[in-house]
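If you're matching them up, the sequences are chains P and V in order. The letter at position 70 of the first sequence is residue 70 when you use this note's numbering, and the numbering goes up by one with no holes. Quick note: to get this note's numbering, add 1000 to the position in the second sequence (first position is 1).
Source of the hints: derived by calculation from the structure; they are not laboratory data. Just so you know, even glycine gets a beta-carbon here, dropped at the ideal spot from N, CA and C. Among the clues, some could well be false.
[As the list claims (entries may be wrong)] Subject to a maximum C-alpha distance of 35 Å in a straight line, what follows is the list of computed DSBU-like cross-link-like pairs (lysine-lysine):
| no. | chain 1 | residue 1 | chain 2 | residue 2 |
| --- | --- | --- | --- | --- |
| 1 | V | Lys1241 | P | Lys3 |
| 2 | P | Lys56 | V | Lys1227 |
| 3 | P | Lys3 | V | Lys1471 |
| 4 | V | Lys1274 | P | Lys56 |
| 5 | P | Lys3 | V | Lys1174 |
| 6 | V | Lys1471 | P | Lys14 |
| 7 | P | Lys56 | V | Lys1084 |
| 8 | V | Lys1174 | P | Lys14 |
| 9 | V | Lys1144 | P | Lys14 |
| 10 | P | Lys14 | V | Lys1140 |
| 11 | V | Lys1174 | V | Lys1095 |
| 12 | P | Lys56 | V | Lys1302 |
| 13 | V | Lys1628 | P | Lys14 |
| 14 | P | Lys56 | V | Lys1628 |
| 15 | V | Lys1471 | P | Lys56 |
| 16 | V | Lys1302 | P | Lys14 |
| 17 | V | Lys1144 | P | Lys56 |
| 18 | P | Lys56 | V | Lys1277 |
| 19 | P | Lys56 | V | Lys1168 |
| 20 | V | Lys1227 | P | Lys3 |
| 21 | V | Lys1565 | P | Lys14 |
| 22 | V | Lys1095 | P | Lys56 |
| 23 | V | Lys1302 | P | Lys3 |
| 24 | V | Lys1274 | P | Lys3 |
| 25 | V | Lys1168 | P | Lys3 |
| 26 | V | Lys1471 | V | Lys1628 |
| 27 | V | Lys1095 | P | Lys3 |
| 28 | P | Lys3 | V | Lys1144 |
[Unchecked claim] Just some of the chain V residues that point at chain P, by a computed CB distance under 7 Å:
| no. | residue |
| --- | --- |
| 29 | Lys1041 |
| 30 | Ser1075 |
| 31 | Asn1111 |
| 32 | Asp1113 |
| 33 | Arg1114 |
| 34 | Ser1262 |
| 35 | Ile1265 |
| 36 | Tyr1269 |
| 37 | Gly1305 |
| 38 | Phe1394 |
| 39 | Ile1395 |
| 40 | Ile1506 |
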Amino acid sequence: MSKIPLSQLVVGQKGIVEEVLEHGFLSQRLLEMGIIRGTPIEIIRFAPMGDPIDIKIRGYHLSLRRDEALGIIVSLSDQ
Amino acid sequence: MPEAFPNNPLQDKKILTVALAGNPNSGKTTVFNALTKMRQKVGNYSGVTVEKKLGRIIYEDHREINVLDLPGTYSLDVRSPDEKVARDVLFGQMKDTPRPDIVVCVVDATNLDRNLYLFSQIKDLGLPVIIFLNMMDEVKEQGKNIDVQALSHVLHVPVIAGVANQEKGIEELKSLISTDVAPADRRLWRMPEQVESRIEELMILLWREEGLAKSDTFSEAIILLSKDDKTLKEILRGRQKVYECVRAIQNDLTEWGINWRSVAIESRYDWISKSLKGVFQEKSGARQITATDRIDAVVTHKIGGWMIFLGLMALMFYCIFTISVYPMDAIDSFFSSVSGVVKNVMPAGDLRDLITGGVIAGVGGVVIFLPQILILFLFIGLLQDTGYMARAAFIMDRLMRGAGLHGKSFIPMLSSFACAIPGVMAARTIESPKDRLTTILVAPLMSCSARLPVYTIIIAVLLPGALAWQKAGLMLGLYWVGIFGAFVMAMIFKKTLLRSETPVFIMELPPYRLPLFKDVMMHMWERAVIFLKRAGTVIFVLSIILWGLMTYPKHDHLSSSEALKQSIAGQAGLLLEPVIKPLGYDWRIGIGLIGSFAAREVFVSTMSIVFNIESEGEDDHLREAFAKAAWPDGRALFTPLTCISLMLFYVFAMQCISTVAVVRRETNSWRWPLFQIVYMTTLAYLVSLAVYQGGLLLGFH
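Isolated chain P, as found in the complex (with noise of 0.2 Å):
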């Protein structure tokens, strides 16, 4: 189990939620849309110019920057 920031995940990577680090009133609506612990997270695809992200998560479809990615803690399974 390796834990790295969701921002680094490529295109159709999966990870688990680990955490959300504390970063204001930022941290608070991430884990009220539903990224916390133990949630599966993928990346859709990136905007056209690299930034902002399309996470899926619980189904559905989230648009989140890069550097708000970067406060997202999964763990990818190692197969």
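Assemble chain V onto chain P, guided by the hints.
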């Protein structure tokens, strides 16, 4: 005397209030439209410009129920002014709005987890709740199944499954609202026991010391629990006991290894996941590629995405400026003929002049933009209801960030091309106050449709024999100058006055859906009513004032342009001349500028009076008059350089009383609108000055 049942709201009140709550994109407004049909009105909550959408259901036995469509929100722990309204109404803290008797929580069935998060927050308040499980057709299409009865059982509330855009489940919902929904005050989820017992202390404190209703204390307490020290100090100023209590609990939790920021959120989601086991069945198998995935692959493609985006924008502006010509001509001739009738019917005199020259010309000059605004909102409605608007923001975010704005600033800026008022109001969806303020401050730099008549007439003077595409090209250039100015100013504001630590951009990308014609029409209708109300009130009054300034004191023996020179407005124009002469303007243009500070489009009608044009609205006459106009020494007034300087002034200057009024309401102070007037007008003056004087130096004239 018959006994009253004071505790049963369903019997002692004739008109109940039902609030519709739900996440954005849950189809809440479609449910609202289906429930209330055309029996709706849009107003404002007192003190804020958040729209209050109120409708009524009338039953066969003549009972009436009020339905309130709350702004969409993901949580009751609010971030934006829109969300705050939803929270305040549900907490019964909104002035002029009764606490709802029943809450209908509209839930997107394809997105149960996250939608039930809000539901569970509302449920905590102890209000009677009904769930309307929307978009059940999509759930079936995705090969999933929801056991509605089991869901109702685990959530302890009535659940109605339906498809709002096909009106499925609406009748059922109507009859359920009219019968009995029991309030349930038992909270369904728990946090770890030691947290629960500590939070109880805070609840008792809030109840005993601060007089908060018992049923609301839990919701308030967990919101406070999750806040960091800085925020707590802000919101709990002067509430030392509560502050100390929250901090003590947070410290204990940290000691026990519990994260106070996330414990409530995680416990709630845990409960939701557990509750949904056995309720929600998904066919396992390979990940399905949905229609939305396929569309997104094209729409957010590196090259294709931009082409679609630019194509849609071009199509929208093309429609705004071409299709609208016909209804605008019709409106124009309607007001001319009304004016003609008044002239025939009424005896000549001040009152007749006031009605024709003041009221009809003034109000007509604004109402003429209605077709353009309707077309803009048709597009915005379609783009929003299909889900494309979120993709536009997704594509644009990186660019907008260059100016310190973000993707969500895109919609306000786009709306501002029609009119800054809906633009400023659309900024409400931006959570961060500083980002929102920056957007509001620069939105009026987008060239709105009121600038069009001004640009049109000056371009006609500047390029008399030019082809249509050359004129259109120059017009487009002016738009770009405004956009560029907005970006530069936003960048400056974000680096100085409104510096903020973290730009935040968390935005849902909802599935693509076919928009309901009815909903889009309803949206346009609302906009039309709001716009016409403004024309009927603010513009109406201003037109009268302006007419008075240009008419009095009266000099009947003088020619009308000489009389104008002697009027209050004329004298003000003369007073202004030394200030605007460096920009290339004389006192007559000065009068136009003064009039324009009420509303830009007034320039054209004011100029018609200044240059003594009898038949209003005939641009050709005005163009000829402009071409002939000269300084006292015989030099031409409207030289190419003066024309350019004047157009640039109109690009940048804040000349719209209605926008000032809206910014005042949106920012809740006079500070920002005044600042906006000063910075925009200074910017306009400096740019025009630099261009005019620079041009003279370079030998242009």
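Hint-by-hint comparison with the structure:
| no. | hint | in the structure |
| --- | --- | --- |
| 1 | V/Lys1241 / P/Lys3 | violated, 41 Å |
| 2 | P/Lys56 / V/Lys1227 | holds, 27 Å |
| 3 | P/Lys3 / V/Lys1471 | violated, 59 Å |
| 4 | V/Lys1274 / P/Lys56 | holds, 21 Å |
| 5 | P/Lys3 / V/Lys1174 | violated, 50 Å |
| 6 | V/Lys1471 / P/Lys14 | violated, 53 Å |
| 7 | P/Lys56 / V/Lys1084 | holds, 27 Å |
| 8 | V/Lys1174 / P/Lys14 | violated, 43 Å |
| 9 | V/Lys1144 / P/Lys14 | holds, 22 Å |
| 10 | P/Lys14 / V/Lys1140 | holds, 26 Å |
| 11 | V/Lys1174 / V/Lys1095 | holds, 27 Å |
| 12 | P/Lys56 / V/Lys1302 | holds, 20 Å |
| 13 | V/Lys1628 / P/Lys14 | violated, 72 Å |
| 14 | P/Lys56 / V/Lys1628 | violated, 65 Å |
| 15 | V/Lys1471 / P/Lys56 | violated, 47 Å |
| 16 | V/Lys1302 / P/Lys14 | holds, 22 Å |
| 17 | V/Lys1144 / P/Lys56 | holds, 18 Å |
| 18 | P/Lys56 / V/Lys1277 | holds, 21 Å |
| 19 | P/Lys56 / V/Lys1168 | holds, 29 Å |
| 20 | V/Lys1227 / P/Lys3 | holds, 27 Å |
| 21 | V/Lys1565 / P/Lys14 | violated, 74 Å |
| 22 | V/Lys1095 / P/Lys56 | violated, 39 Å |
| 23 | V/Lys1302 / P/Lys3 | holds, 30 Å |
| 24 | V/Lys1274 / P/Lys3 | holds, 27 Å |
| 25 | V/Lys1168 / P/Lys3 | violated, 46 Å |
| 26 | V/Lys1471 / V/Lys1628 | holds, 21 Å |
| 27 | V/Lys1095 / P/Lys3 | violated, 49 Å |
| 28 | P/Lys3 / V/Lys1144 | holds, 32 Å |
| 29 | Lys1041 | violated, 32 Å |
| 30 | Ser1075 | holds, 5 Å |
| 31 | Asn1111 | holds, 5 Å |
| 32 | Asp1113 | holds, 5 Å |
| 33 | Arg1114 | holds, 5 Å |
| 34 | Ser1262 | holds, 5 Å |
| 35 | Ile1265 | holds, 4 Å |
| 36 | Tyr1269 | holds, 6 Å |
| 37 | Gly1305 | holds, 5 Å |
| 38 | Phe1394 | holds, 5 Å |
| 39 | Ile1395 | holds, 6 Å |
| 40 | Ile1506 | holds, 6 Å |
When the structure is compared with the earlier hints, violations turn up for hints 1, 3, 5, 6, 8, 13, 14, 15, 21, 22, 25, 27, 29 and for no others.
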